[in-house]
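Asks: Given these sequences and hints, build the entire structure.
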Amino acid sequence: MKKIAKDQLALLWEKIDQNYQLFLPIAKEKAVNFSTWKEGAEVDLDALRTVNSPKNIIFPQTETYLTFKKEGKKLGLEVVSRDEEYVVFGVRPCDVASFKLLDNVFLGEPVDKFYEENRQKGLIISQACLNPEETCFCNAFAINPESAPVGADVATWDLGDLLLWEAQSEKGKAFTEALSDLLEDVSEDDRKKLDEVKAGIKDKLEDLPLVHVAPEKIEGGLKEIFASEVWDELYQRCLGCGMCTYVCPTCHCYDLKDYNGNGCGERFRCWDSCMFSDFTMMAHGNPRTTQKERVRQRFMHKLVYYPNNYESYACVGCGRCTERCPVRLDIVKVIKKLGGERNEL
Amino acid sequence: MEKIKEEIRQIAREALTGKKVDIILAWEKGPLWYDSYPAFFTKEEEVDSLTWDSFCINNLSKYLLEETMADKKVGVFVKGCDALAFNQMMQDNRIRRDNVVVYGLPCPGMIDPDKVRAKRLNRGLTEVKQSGDELIFVTKDGEITVPAHEVYYDKCLYCHYPNPVVYDQLIGEKVAAETALDRSERFSQVEALEALSAEERFAYWDSQFSKCMRCFACRNVCPACSCERCTFDDDDLDILGKAREDSEDQFFHLIRAYHVVGRCIDCGECSRVCPQDIPLEKLNRKLIKDINALYGEYQAGLDPSTKAPLVTYQLEDADSFTAGEKGGKGT
Amino acid sequence: MSVIANNAAVKNAQAFEPLIVAFCCNWCSYAGADLAGTSRLNYPANIKIIRVPCSCRVNANFVLRAFQRGADGVIIAGCHPGDCHYMTGNYYTRRRFSLLKNLLAYVGIEEARFKVDWISASEGNKFADVMNGVLEKVHKLGPNRKLRDSRWRR
Amino acid sequence: MSCSCHADPLVPVVAVVDNIRRDTADIKTFQVKKPEGGLPFIFKPGQCAMLSVPPLGEAIFSITSSPTQQEFLEFSIKNVGKVTDCLHQIEVGTEIGIRGPYGNNFPVEALRGKDLLFIGGGIGLAPLRSVINYALDNRSDYGKIDIVYGARSPEDFVHRNDLYQNWVEQADTDVHITVDREFEGWNGHVGFVPQYIEELNFSSDKTVLVCGPPIMIKFVLEVLEKLGFDQKQIYTTLELKMKCGIGKCGRCNIGDKYVCKDGPVFRCDELGKLPDEY
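Residue numbers (this note's numbering), protein chains in the order written: chain A, 1 to 345; chain B, 1001 to 1331; chain C, 2001 to 2154; chain D, 3001 to 3278.
Every clue listed holds true.
Below, a list of computed lysine to any residue pairs in the SDA-like style, where the Cα atoms sit at most 20 Å apart:
hint, chain 1, residue 1, chain 2, residue 2
1, A, Lys38, A, Gly122
2, A, Lys223, D, Asp3269
3, D, Lys3241, A, Met281
4, D, Lys3273, D, Asn3104
5, B, Lys1289, C, Tyr2092
6, D, Lys3034, A, Val79
7, D, Lys3078, B, Asp1236
8, B, Lys1115, A, Glu133
9, A, Lys30, B, Asp1246
10, B, Lys1289, C, Ala2060
11, A, Lys73, D, Cys3086
12, B, Lys1119, B, Leu1157
13, B, Lys1029, B, Glu1045
14, B, Lys1211, B, Asp1277
15, A, Lys292, B, Asp1233
16, A, Lys202, A, Ala148
17, B, Lys1029, A, Glu341
18, D, Lys3273, A, Tyr310
19, A, Lys336, B, Asp1035
20, B, Lys1140, A, Glu133
21, B, Lys1020, B, Asp1071
22, A, Lys73, D, Val3014
23, A, Lys70, D, Glu3091
24, A, Lys100, A, Gly122
25, A, Lys73, D, Ile3020
26, A, Lys173, A, Gln21
27, A, Lys73, D, Asp3085
28, A, Lys204, B, Gly1142
29, D, Lys3273, A, Leu222
30, A, Lys74, D, Cys3086
FRET-style restraints, in silico, Cβ to Cβ:
hint, chain 1, residue 1, chain 2, residue 2, range
31, A, Glu196, B, Asp1238, 54 to 62 Å
32, D, Ile3090, C, Lys2140, 40 to 48 Å
33, B, Leu1170, A, Gly108, 53 to 61 Å
34, B, Glu1185, A, Lys292, 39 to 47 Å
35, A, Lys38, B, Asp1238, 29 to 37 Å
36, B, Ser1131, A, Gly108, 52 to 60 Å
37, D, Ile3090, C, Phe2016, 34 to 42 Å
38, A, Glu216, B, Glu1191, 51 to 59 Å
39, B, Glu1194, A, Ala27, 19 to 27 Å
Just so you know, the hints here were simulated from the structure itself, not pulled from any lab data. None of these values were measured; they are calculated from a predicted model. Glycine included, every Cβ here is placed at the ideal spot set by N, Cα and C.
Replies: Written as structure tokens, this is what we have:
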């Protein structure tokens, strides 16, 4: 295990930036998002959760993958090449867990090569959560916020003026090696301090207001839950915006669109939302005519359909929808309404 | 507000049992301290979970669109700003008045959870009680008293209409209409931007707009955005592309703001719901300010029988383009 | 790609040629353009005229779309207030675009890039003046990048 | 740039429209092949392909030709939207993008030796035609073949040549045609497809493949049940909005299935396990 003094981090960013595109939680006009680091950027490692999840890096909101050119009857198509290798620093354990859920979808047959390449070019550095907030409920999905999460190449812990650093994967080890002049070995004291902080987390978690969320308590099969009367009531306040799906680290629906750039143009993939009225609109009609069907689709997908296919819920308890939904129709309320709550811990 | 809450519950129960209405639109409390959200009550026994506290920020008028379309009798609780929204939707012919019973709620102001978090009052917070001009934050470690205006939404501090301008029944006493801050000051941020150079203004808005994720929360929450089908939603029209591209973000925000010109009641819901904290009220207020300057003071939602500024004209209207800033007379 | 790249290179090498989009009311300024033409008054070729049935047919989308797709300046020309072919159309134009003009300025678009004016069918001179005036100012400002879609090829 | 990205399932290849035939006022059949000739890919009856007409985008269509047709793919396309409208306007020789094949297929192997009953309505004949031609090209592998086809009017028939000539001429093959209501000069059967099925009173040992408008499928299934068909004998195809074709974009998600990947062909007993949202 290594460490670096927090006031040395700017040097670290600079060094990483020389060889990689570096993404960090950066505050811009009051909003903290993962964005590329530049000297003077307002890095905010204390922000518990970024507005936009780091999904935006491995599965960008807009991604051009094809250019085309038309000349008379001729059509020219060209695949757009990908960006350079990148490092994402400060990914919270819940968000790291979300990557695996996206992998299930995109790396399943047939493999999405664009996504695969994006994933291969990235190095993930996690940052443990030592102060989870009231909207957090990652424990409902067996995620340990204080841990070094599976899927991170390097795990870090923020101990006030120190950042502890542990390489996890082969990639992470080589990366750590290359930064050896900035990182020093930890002392016994540092380890002890970390253990203390980690031990204190359990109490903090049990104190959280949403600690009783337990999706596994939801009873019934696919068709039963689908037909539940709960949906008749739940959807009513939904405004039909797509915020929950866009800030969600596990939502992965997308659209493919063409841009007409005057004789030539490009085709891109962009996020889409099952909350939007036109999502399933076809020439001969729309199978989901009201917001009820759309709301049901979103939560059925997260809590029933996805688990049927991949044996885990499509939610990591990051709390983004809980914090952001304009009418507070978040997944916690849906899980509880469906009976997903436990009385004792 | 506790007392009013009981009164509201009673009114709701009576309206439902007496079949005066089919649905009551009010608020319900969730598991978190700030978690008051819109709720639809159809049965008397459900009304026990109805709430009224300093977090009932959601404007329920917006829901009348769908509900009255379904030909139901609706009872709705409105705060001051919600009443302006109600009137605006009436003016836009988006509400069938006969189908609605409006219960007016004088509003002392609503608490901005972000301001509470900024003051670190949220740790272990269980409840917030109101006591005159002060708020008592009940936490696990005791009570903290804070002057209300320190944690109210900015928009509440400028609010001139805390008492509903339209209602069938008013609940409780009217509150004083004096604003905590000088009302003309709501344009001060607009003026600060106007004072910058074109380059600075563009840089400012570019960095704001470029945060936009195009989730459309600002549009969907807006009482003036009440079209049955938004032109941006029609895939085939391709008016707004789906790509995250600066020009598309700019296009969306300018058209959104422009589309509600003269109908924006300045309720600030668009800015409140924006996940990326884009200060949309600075666009809306610029337009309100210009309307006031060019065509006379106008508050949308005050009187549904008037015409919105952009659907009418005066022969002698000023314009902003023929001779300097405001000159030019019609012939 | 090579064709486009070459075109761009050629364009860059030449002096800046502003592209101005002018929405002209069919009943007045469009005829004004005609008059300017037949009177052999000079107005530049890089003004693209789009004929509209009334200046109030133009909406904010049109203006922004023109900027998105390559315009360096946009003009709306309608009948003088009081002379609208449809009686009242341009009174609405006046209100709408007074506000839009201010809004565009507010988000940082140089004011000279967006012009609204009243030009009657008999004002061939004014037509040429207005067009030349905008062109000259836009020329000074240089190519517009604001609101432009980065994917658009001119 | 690594060449692996060219293999991305979202990237189309260029193909050329070789022949265009007008079937009805709003349906045309397009023959598509690689610019140098031949099929862009190998497929099975019932599968779909995504056609691109930049800059208007893509749309998915079932392949109406049989895999036994090695020279070109055929698509019968109704003009209903932006992409289809553009396709209807193009001329022979125009290049378009194509990717595929997508989805599962009718189980032509498992159907060997069985009597087949095809039921099609309107443009719904398109995916069935692929199987019909496949079965007819391998005639000895299959038993009796019945084809029931209905359309709104005689003008709305697709693949007229097949219905009146190619298929009728085949051994042990019957084609039953109906139109929704009386038309001048129409001497054939009049009535909706489900009624006609009931009148024809097919024996319930056949395997049925149905495709047509959702409302027709619904009533056909009711009639088949009445005639004693087991749900396991009936196959149908679903149509939902699709974008990616590879089961990821989420549009055609219904229950835990993705129509573009796990469908479009479903056996009716499997369909019953899905939520009623199609």
